[in-house]
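In order, the protein sequences belong to chains A, B, C, D and E.
Using the numbering used here, you'd call the opening residue of the first sequence number 1 and step up by one each time.
Using the numbering used here, you'd call the opening residue of the second sequence number 1 and step up by one each time.
Using the numbering used here, you'd call the opening residue of the third sequence number 1 and step up by one each time.
Using the numbering used here, you'd call the opening residue of the fourth sequence number 1 and step up by one each time.
Using the numbering used here, you'd call the opening residue of the fifth sequence number 1 and step up by one each time.
No lab work stands behind these hints: they were computed from the structure.
Think of the CB as a built atom: it goes at the ideal place given N, C-alpha and C, for glycine as much as any other residue.
Worth double-checking, as some hints may not be accurate.
[Said to hold, decoys possible] Over the 10 Å line for every Cβ pair with chain B, so calculated as not near, a few chain C residues:
(1) D18
(2) T34
(3) I55
(4) V68
(5) N79
(6) I114
(7) M115
(8) S117
(9) P136
(10) D189
(11) L202
(12) E230
(13) T231
(14) M239
(15) F270
[To be verified] According to the in silico footprint, chain A covers these stretches of chain E (three or more CB under 8 Å from chain A):
(16) 65-79
(17) 91-105
(18) 122-131
(19) 168-175
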Amino acid sequence: MAESRAGIYVQPTRTGVDAATVVGLVCGFGLIGTAIFLGGQPGSFVNVPGVLIVIGGTLAVTTMCFSVSEVLRTVAVLNKTIFFSGRDPSEAAIQVLGIAELARRQGVLSLQNIMESLSSEPFLHKGIAMVVDGTPGEEVEIILRRDMQATVLRHQKSANVLRKAAEFAPAMGLIGTLIGLVQMLGSLDDPSTIGPSMAVALLTTFYGAVLANMVFSPLASKLERNSNEETLVNNVYAMGVASIGRQENPRRLEMLLNSVLPPAKRVQYFD
Amino acid sequence: MAESRAGIYVQPTRTGVDAATVVGLVCGFGLIGTAIFLGGQPGSFVNVPGVLIVIGGTLAVTTMCFSVSEVLRTVAVLNKTIFFSGRDPSEAAIQVLGIAELARRQGVLSLQNIMESLSSEPFLHKGIAMVVDGTPGEEVEIILRRDMQATVLRHQKSANVLRKAAEFAPAMGLIGTLIGLVQMLGSLDDPSTIGPSMAVALLTTFYGAVLANMVFSPLASKLERNSNEETLVNNVYAMGVASIGRQENPRRLEMLLNSVLPPAKRVQYFD
Amino acid sequence: MAESRAGIYVQPTRTGVDAATVVGLVCGFGLIGTAIFLGGQPGSFVNVPGVLIVIGGTLAVTTMCFSVSEVLRTVAVLNKTIFFSGRDPSEAAIQVLGIAELARRQGVLSLQNIMESLSSEPFLHKGIAMVVDGTPGEEVEIILRRDMQATVLRHQKSANVLRKAAEFAPAMGLIGTLIGLVQMLGSLDDPSTIGPSMAVALLTTFYGAVLANMVFSPLASKLERNSNEETLVNNVYAMGVASIGRQENPRRLEMLLNSVLPPAKRVQYFD
Amino acid sequence: MAESRAGIYVQPTRTGVDAATVVGLVCGFGLIGTAIFLGGQPGSFVNVPGVLIVIGGTLAVTTMCFSVSEVLRTVAVLNKTIFFSGRDPSEAAIQVLGIAELARRQGVLSLQNIMESLSSEPFLHKGIAMVVDGTPGEEVEIILRRDMQATVLRHQKSANVLRKAAEFAPAMGLIGTLIGLVQMLGSLDDPSTIGPSMAVALLTTFYGAVLANMVFSPLASKLERNSNEETLVNNVYAMGVASIGRQENPRRLEMLLNSVLPPAKRVQYFD
Amino acid sequence: MAESRAGIYVQPTRTGVDAATVVGLVCGFGLIGTAIFLGGQPGSFVNVPGVLIVIGGTLAVTTMCFSVSEVLRTVAVLNKTIFFSGRDPSEAAIQVLGIAELARRQGVLSLQNIMESLSSEPFLHKGIAMVVDGTPGEEVEIILRRDMQATVLRHQKSANVLRKAAEFAPAMGLIGTLIGLVQMLGSLDDPSTIGPSMAVALLTTFYGAVLANMVFSPLASKLERNSNEETLVNNVYAMGVASIGRQENPRRLEMLLNSVLPPAKRVQYFD
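Here chain A stands alone, though its shape is the one from the complex (with noise of 0.2 Å):
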């Protein structure tokens, strides 16, 4: 017995940060940074006006496509792909699975014992919460569900927003670049100003296209596939806790769980 509630005792789940995104961002901007180091002047890559018109304006059009408060979500989302505190699926049905079996040998209210172990885990520690005040399982599981569904919503909403920017971005830098040039032919008088005008108003289009395929195009998408995985191990803790507070078998709960996992993280708990 001891060793079956030592199994379910809740690992602190990896908070660690995204590799995949960390890395991303530290090579992709690396490698474009030792490029301009290597040409030599890396200060002619800085022209505030230009990081003003390109960053200020599609965040200037970006949000007259939305409203403020959906802009500045977006902005208090983006942890999410960064930080991204994303337990396995077969860990969270394993962890789940040892949950239900103690329930069905110990009954529902010796799940006290592990539920500040469970802390770190939030959307499990507030279904379990429920199942232990006696909250029955349909009613359990529709609450749940409703709070995946908003945060799936609110995810969504947001890589919308910056799939937006990623669209203005580019738009913004060639604005950006036509000023500059427009500005540039029209002082013509002396040639040894054309060189440098021109390189400045080609920065804005190197700010739009930098910004746009190295930050929002690939956030958007780390924000949505960082959003299917949390969905996937909430759906597995809302089933597993649905079925806790049914009082269901739990080798009914292993097979339920197989049919949403994905074919290479299906589990087998009981033998």
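Add chains B, C, D and E to chain A, keeping to what the hints say.
Chains B, C, D and E alone, transformed into the frame defined by chain A:
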């Protein structure tokens, strides 16, 4: 009783400006304008024939795709993207639940007393007026939904007009630039005029990019977004008025409303 | 009786020009023309080989995608985008309700008296003629719907031809410009010819952009839009004629018509 | 009897060239060729390495996407876009109704007399042969439909190969131009070679644009169009043969055929 | 009997290279290489920082969109596009029909004798092994289909990674070119360096176009194509093994297989 009637007094709807649209427009054009003024010769960015070609041409071509009245209606609908009098769906739900409770306790005819306080919400006012006049709930709902549908279609058509304009504006800019380039290349006698002529030629491309990316495209997105929000609030009103007309239990109405509200906006009027 | 018969006299359909198409075409080309004339050398914008390459090439390539007869039919259908004899759906509904009331009160055969006044609406005329000849309502509706379907398919195919042309025109313009550039670059001996040669090379890109964005693409949109409007009116006629043929109550017909009319066009013939 | 049998003698199918494809190809390339010859130096438009890069490269990359046999099969199917032996659907329907009437009046075995006149229509010939051999109507239809399905799939796959080629040809043109530009820029010693080198570099872009827009893309559209037409005719044949095999009344067959024919092609064989 | 058993000896699967991929890659890069060598200075096409920016940057940004393991798995799956051990679906069907006939005549246990000859087809081997072990046909099919589904999902995800890479490679090329242009324009002192600097700047655009159009995009298409082919063969195996497990008549199996095989690949094992 008094406090319950007080609770349903409709607070004047916040008919302020849509912060996101105004801030976005002001910031976006402010940034562009600053960049132009910093360059020293703001006058070189004004080219009346260019403005006529891009704005007039886009208008002409967009009108060809639709009818004159559809284009004019779009201009009229644009104020919806700047002055957005949207009530929060939760507030609308609570307000309608308050009215439903009043109707249940004091009878439908008592709603006549609060009619004037609803005048700022013409859609709700129209519905309650029909209920007070004794129109059956089903019929009220059909009439209100027909109104909603007409509004959505009108907004959708206007958003389509804006999207078409966003599609044609850069094309008209390109056409203007080609005209300028051909004219410039045809008279290369005086090399000193090449720069200014080319600057003027590029201006139409600039106008087209600004119009499409900073005006038409974001306004189309905002129009669709605000139309969705308005539809959601009107849907809450229609369901509420129909429920009052059918003299249903307000608790059932609360359940119904929560099924259409987005998760974050659900209400709990009765405990 | 007299005034009711008078009420159904068909006013000659407004077979005027489609204001939006004509105004759009005139304004668009007027703006372009003005910009060209202001530049001083309108002759430099005429290049017969360029016109042949872009118009002829677009026609040739579009013909390859379809058959010769489909392309010719498209040219014939184009007048639908300029001379639009569309009756308002509400007017059509009221007219058909008037005829239905007349048929109900004086019998179907009495419709013979108003046949000639319907000659400006061949679709309605054909339907009423069949009803007067004693063809059963169901059969009349099938025949009329078959006609409508054939018209819609014909218009859809023509719109597709125009869309393909709008797709190929800029490509042919690019091909023409590449030919011009290669020829110019091959003989750089006399620098003074570079400018004019390049101007000529750019002309085909200009022609392609104008053709695609100011002619083909808007005409395709307009054709689809007018086809939808015509279908709506013909649908009203088909439903009306079928109802007269079945000798139904005109009040039922009114309900039926309102279910297919867009909200803003619904009619109330009977009070 | 004689005249009825005469009526079903199959006129030799018009196996002429597909006018639209040939006229389009000839006119398109004729216009391009004229423009090149008018420029004076047609030789400057021939660049063997450029032709190899664009045609060879497009072929190589398209082959990578598919298999060697699929690409070869596409080349074989191309003749369908030039030599189009399509019979008119109405003609096919009348012909099959004639055969059906003959079979009904003189018995199925009498069809043996007209077998040789059908040899120009292998699909119909195969079907009638099976019916004469006593194969039941249902089985004949299944076999013929399987044949039709195989043909459609084969044509669809070939159209996809052409579309991919139309997608890759401009990309290969760009790659060739970039190679030429890099080579030219690397050796700017003699300014007099800049023009010709750049002309050569632009040639691959020209080849790619011509190949994609004047060959691959229109041929893909035409292949799909002709495949649809052929399927329609074969569908008429399959329905007819099945009906003959089931010894149904030819009048019923006429109704059936009219339900699949496009409105403009419907037939009235029996009065 | 001997000859029937001989007939089902599995010929070693043709695990050769995928001709189309290898020929396409070799020819494509051969053409490009030849064009570069003919230009005289192949060394000017090698630019290590440019290669790093385009390849490294594309890898970095693609990794950001997915997870590190998904990108690594894509590299591992790439060999499927070059070494394609696909058996022909018809061959697979005939082979499985041979095994089914053997099982029917000599009993399922007799299949143990041919197990080793199946070792080159692990999927079929696994299925037959389960049948010989007495696993019921339904369960074998469920397990095999779960395997197939896992493989398809894995290939689909890898194809998506390749498509994203094909999308980002040209963008990284553009970013590299912009860096080079800004650096060049910033130091225009010595006009003789303009050419070479610009050549270097264009190289990243060249790398990006080559990577996207000649590597990533065709490999993604090929991966999807080969995955479809493999699924088809595995589907034949799964249906065959399930049928053997259920001890059905092989003639019924033939009918079943023909319903999933494409028309050109249908088999007729029994006459």
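Taking the hints in turn, this is what the structure says about them:
no. : hint    : in the structure
1   : D18     : 8 Å, violated
2   : T34     : 7 Å, violated
3   : I55     : 16 Å, holds
4   : V68     : 27 Å, holds
5   : N79     : 15 Å, holds
6   : I114    : 30 Å, holds
7   : M115    : 32 Å, holds
8   : S117    : 27 Å, holds
9   : P136    : 33 Å, holds
10  : D189    : 16 Å, holds
11  : L202    : 6 Å, violated
12  : E230    : 13 Å, holds
13  : T231    : 16 Å, holds
14  : M239    : 19 Å, holds
15  : F270    : 17 Å, holds
16  : 65-79   : holds (count 5)
17  : 91-105  : violated (count 0)
18  : 122-131 : violated (count 0)
19  : 168-175 : holds (count 5)
Violated hints, in rising order: 1, 2, 11, 17, 18; the structure is consistent with all others.
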